Amino acid sequence: MIQRWLQHILAYPRLVTALSLLFIVGSGFGIGNLYFRGDYRIFFTDDNPQLLAFEQMQQQFNKSDNILIAIAPADKQVFSAQTLSLVRQLTEAAWQTPYSIRVDSLSNYQHTEAIDDDLWVADLVGEDLGLTGPELNKIAQVALNEPVLVQRLVSGDGAVTAINITLQLPEHNLQQEVKEVWLAVSGMLDTFKASQPDTDFHVSGVVAMNYAFAYEAENDVKTLIPVMFAAILLMLAWLLRSVLASLATLVIIVVTVVSTLGLAGWAGLFLSTATVNVPTILMTLAVADSVHLIATMQFALRRGDSRLQAIQYSLKRNVMPVFITSATTAIGFLTLNFSEVPILRDLGNMTAVGVMLACLFSLVLLPALLLFLPISAGQRQHSVAGSADKTMLWLANMVIRRQQPLFWGMSVLIIGCSALISLNTINDEAVKYFSADTEFRQANDFLEQNLTGATTVDFVIAGNEASAVNQPEFLAVVAGFTEWLQRQPEVLHVNSITDTMKRLNKNMHQDDPAYYRLPDNQQQAAQYLLMYEMSLPFGLDLNNQLNLDKSATRLAVSLQNLGSKQLTAFESRALAYLAEHAGAYSASAASTALMFAHIGERNMASMLQTLPLALVLISLLLVFSLRSWRLGILSLIPNITPALVAFGLWGLLSGEINLALSVVAGMSLGIIVDDTVHFLSKYRAARVEGQATEQAIRYAFTTVGRALWITTVVLVTGFAVLMLSGFRLNSDMGMLTALVILVALIIDFLFLPACLLKFDAKEYKTDASA
Amino acid sequence: MPQLNISQTGMLILVIGLLLGLPAHAATDAGSDKGLQIATEQKQRDTGWGDSESKVLMVLRDSSGNESIRRMRTLALEVIDDGDKSLIIFDEPRDVRGSAFLSHSHPTAEDDQWLYLPAINRTRRIASRNKSGPFMASEFAYEDMSSFELAKYQFRYLREEEVNGVICYVIERIPTDKFSGYSKTIAWVDKAHYRVQKIEFYDKKQSLLKTLLASDYKLYLDKYWRPLLLRMQNHQTGKSTDLVVEELQFNVGRSAADFDVNVLERLR
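Sequences listed follow chains D and R, in order.
Those letters in the first sequence? Residues 1 to 770, per our numbering, in order.
Those letters in the second sequence? Residues 1 to 268, per our numbering, in order.
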């Protein structure tokens with residue numbers, strides 16, 4: 001049947017080409033539907049419990065989308081006339097940021113003071129101040145003693161200050177809005193930088209992170225795809241030694257990428273930080289199919305076949321392997337569907353579809369193209385083939401000669417490396433997704449070292465009725481929790497309504513420090529708050545700390561940058577404290593950092609559950625294609641061990657497993673299994689012909705050794721290109737996948753033969769009797 | 001900067017006007033003249049009401065529809081040649097019951113404001129720069145609720161438009177006070193009775209912040225129209241506040257003495 005199908009393709013190359021073009025153009029139009037999303041929400045499903053908690057909190061209180069601008073004067077003195085007037089001007093300008101609903105800074109901090117029996121509420125750095133020596137001292141003294149400000153908007157040593165812009169993005173076109181905000185903020189800062197060359201500005205915050213996600217993805221597209229193209233051209237030139245053959249391969253790669261992206265567009269998918277690299281991955285995977293086909297054709301041409309015969313020969317020999325390897329690769333990528341992270345599912349599905357399209361185009365369009373193009377046979381003398389085959393024979397003999405030491409040595413090495421897996425810990429910190437040389441990461445590191453942690457967790461404590469927040473027993477619980485939080489080593493700042501309450505009580509008693517405590521009764525608390533709220537100007541209200549009917553309050557906690565394990569541990573500790581001491585009230589915790597901290601673990605758990613399924617599926621496919629249960633089971637060794645070894649080595653190299661790495665095992669399984677398929681199918685063919693194990697191993701090495709070596713080089717190069725990404729989810733994934741593929745080849749060459757010699761010595765039924 | 005823009009726009013209009021043979025510059029002048037004229041008429045029609053007393057219910061809603069209620073009584077006294085005086089006594093939430101907010105507004109000078117807190121039996125003066133701030137955590141700012149004075153704005157007539165089924169003048173008002181939270185407001189004032197039907201509030205970055213819809217107008221003393229429902233919608237946060245006038249009486253016999261700071265501590 002396959003024969004007839006091949007005949008058709010080769011009989012009507014123009015028709016086949018036209019139909020392919022029709023399909024490519026039709027699907028390619030879908031690219032117009034593709035759009036890009038760079039916000040952090042793409043990592044979470046709509047029903048993610050942490051996301052739901054976070055959104056619920058945001059509905060009750062103000063949103064916490066923000067831009068935080070750190071201001072670091074060269075003289076490390078914030079409380080100078082020059083810097084304070086800069087802060088004042090910048091605060092004023094920051095109100096012009098699109099979608100801003102609130103700006104908090106040292107200058108517009110609403111300082112309260114008892115003056116002549118009146119409560120005076122005003123900007124700490126008011127417009128009417130001349131910023132003379134005594135005034136500066138007073139401002140410094142107030143600011144550095146105000147728990148609301150220290151380590152949030154000003155560093156304890158007064159060297160760095162910050163302006164926080166709270167934004168309410170309408171989220172009609174989030175990407176556009178984020179960009180708008182970013183451009184406005186950088187434009188604003190550019191003007192200030194020009195007049196204040198001695199002051200450094202660092203921009204962080206949720207919106208800056210969203211922008212960085214998008215920016216790094218765009219950067220990936222701009223840098224990785226050209227590098228990938230260059231790498232592929234080089235490899236093709238080296239492998240095929242023919243301009244036209246390389247051109248044909250490029251055509252297949254391009255149409256594969258175009259139609260995959262187009263189909264994704266028709267399917268309503270969007271591009272994201274993860275899926276922008278689908279083209280890069282596809283180029284890598286697609287190149288192998290074409291190279292196999294063309295190399296075999298060139299071999300036949302050199303043998304003296306006509307072009308048509310050569311193509312027929314190549315197709316006959318390659319249809320099954322190309323299909324099987326594509327299918328296993330697709331299955332590997334499809335395991336990503338079990339990920340908790342929507343964009344990783346998209347990555348898996350797009351790549352799986354792309355791999356199958358590459359297979360289709362290689363088997364249908366490529367032969368038609370090859371018929372039109374006068375492709376040369378390649379230069380024989382300098383061809384890699386001849387020398388490689390000798391090398392492979394030498395390698396086979398070496399492996400057979402030293403089978404015992406290799407078997408035991410490799411076993412020990414594999415087990416040893418696998419043991420290192422325990423060095424890995426799951427860690428998902430959104431900030432660390434950005435490599436250390438990105439602007440966003442540097443701003444965050446600066447903040448962390450000089451002002452406050454970029455990690456925040458919000459707690460909501462809700463009473464049982466309206467105005468509960470004013471009840472003394474409720475306030476006592478909140479104050480107790482605030483103090484408990486402040487005692488925790490990882491906590492840098494707590495923004496709590498109880499600090500405001502205490503201050504107001506003091507102000508209402510002529511600033512008598514003895515009254516820096518919670519009000520005595522509910523009426524007092526309520527009326528102090530009423531007074532304070534009535535005194536606050538536009539945008540500086542208490543809506544970010546109190547809900548509408550004052551039944552609940554939100555505490556914002558800034559922490560040192562913590563790994564996801566420590567962060568979830570902190571969360572459980574805090575919730576346990578609340579369960580014990582605030583049992584009468586309901587309490588919850590939420591933040592973007594917590595969302596990321598939980599997703600890593602959940603994702604890992606679901607991916608680990610999926611792996612056995614993928615293994616079983618792929619092994620069944622192997623059993624089917626090798627037509628042998630024993631070889632199918634033996635194939636588990638070279639299929640499982642590379643991931644174990646690579647993750648062990650990763651424990652030495654980095655030790656941090658993030659979202660993207662937890663999918664590498666499943667994803668790479670589909671790729672490395674190809675090596676096993678090729679090697680074992682040749683081995684089996686030889687055994688079935690009646691050859692002994694040793695001879696069959698030699699046959700396998702000499703027939704597919706070179707091909708395996710070449711595809712490994714191509715794949716490792718391709719995934720290594722991803723290492724150039726400034727986004728660690730991509731660069732780590734690229735590096736680990738490349739490592740798995742490399743280890744797989746080593747195991748296939750050095751360990752699999754030794755295993756075969758040990759466990760597959762029994763004679764095969766020959767073809768005649770089968 | 002803004003002056004430059006105005007003069008550039010002015011030049012542009014002038015040039016286009018000359019090209020089209022239209023008296024463009026005269027038209028813009030007429031815009032501010034007509035705006036002021038309409039505002040003056042509006043103020044004129046609302047003069048002479050004397051004093052009033054009302055019961056008000058405020059319903060606050062957040063973006064997901066949760067509600068919270070405030071109740072208060074309001075006394076108001078018209079002051080000719082100065083801003084009006086008002087006294088707001090809070091009834092709900094219960095823990096602020098008896099708190100009273102006294103305001104003496106002034107057309108150009110800063111308003112005088114005091115708050116009496118029964119829990120400590122003290123009156124405190126409040127600085128009036130908070131006029132842009134929210135009133136009782138609602139979507140109404142102080143400045144939305146204070147008396148309408150011509151000196152507080154620059155007016156410009158824009159067009160005529162139908163709102164709530166009535167034909168309105170559309171007037172742009174630019175606040176003169178730098179402590180205002182708005183860059184401008186646009187008011188729809190009906191032609192028949194000069195009643196405000198709708199106001200759009202633009203924040204300092206020129207984005208639409210809130211829309212006020214006034215409805216259930218009722219005629220008092222055969223002359224003064226008062227809306228019994230004011231609905232303020234914040235477009236940026238999705239929150240809204242309804243202000244419902246439950247009772248309203250005029251000529252209740254209040255005098256300036258009832259609005260003296262010293263009466264606060266004698267209130268029930």
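Worth flagging that the hints you see were computed from the coordinates, not collected in a lab.
Hints may contain errors.
What the hints assert, rightly or not - Distance windows between CB atoms, simulated:
no. : chain 1 : residue 1 : chain 2 : residue 2 : range
1   : R       : GLU265    : D       : ASP46     : 52 to 58 Å
2   : R       : THR176    : D       : GLU171    : 54 to 60 Å
3   : D       : PHE192    : R       : ASP82     : 56 to 62 Å
4   : D       : ALA159    : R       : ASP81     : 26 to 32 Å
5   : D       : GLU171    : R       : ARG73     : 39 to 45 Å
6   : D       : THR45     : R       : GLN249    : 41 to 47 Å
7   : R       : LEU150    : D       : GLN77     : 56 to 62 Å
Bear in mind the structure is a predicted one, so any value in this text is a computation, not a measurement.
We put the beta carbon where it would ideally sit given N, CA and C, even for glycine.
Worksheet item: So which hints don't hold here, by number, going up?
Response: 2, 3, 4, 6 and 7
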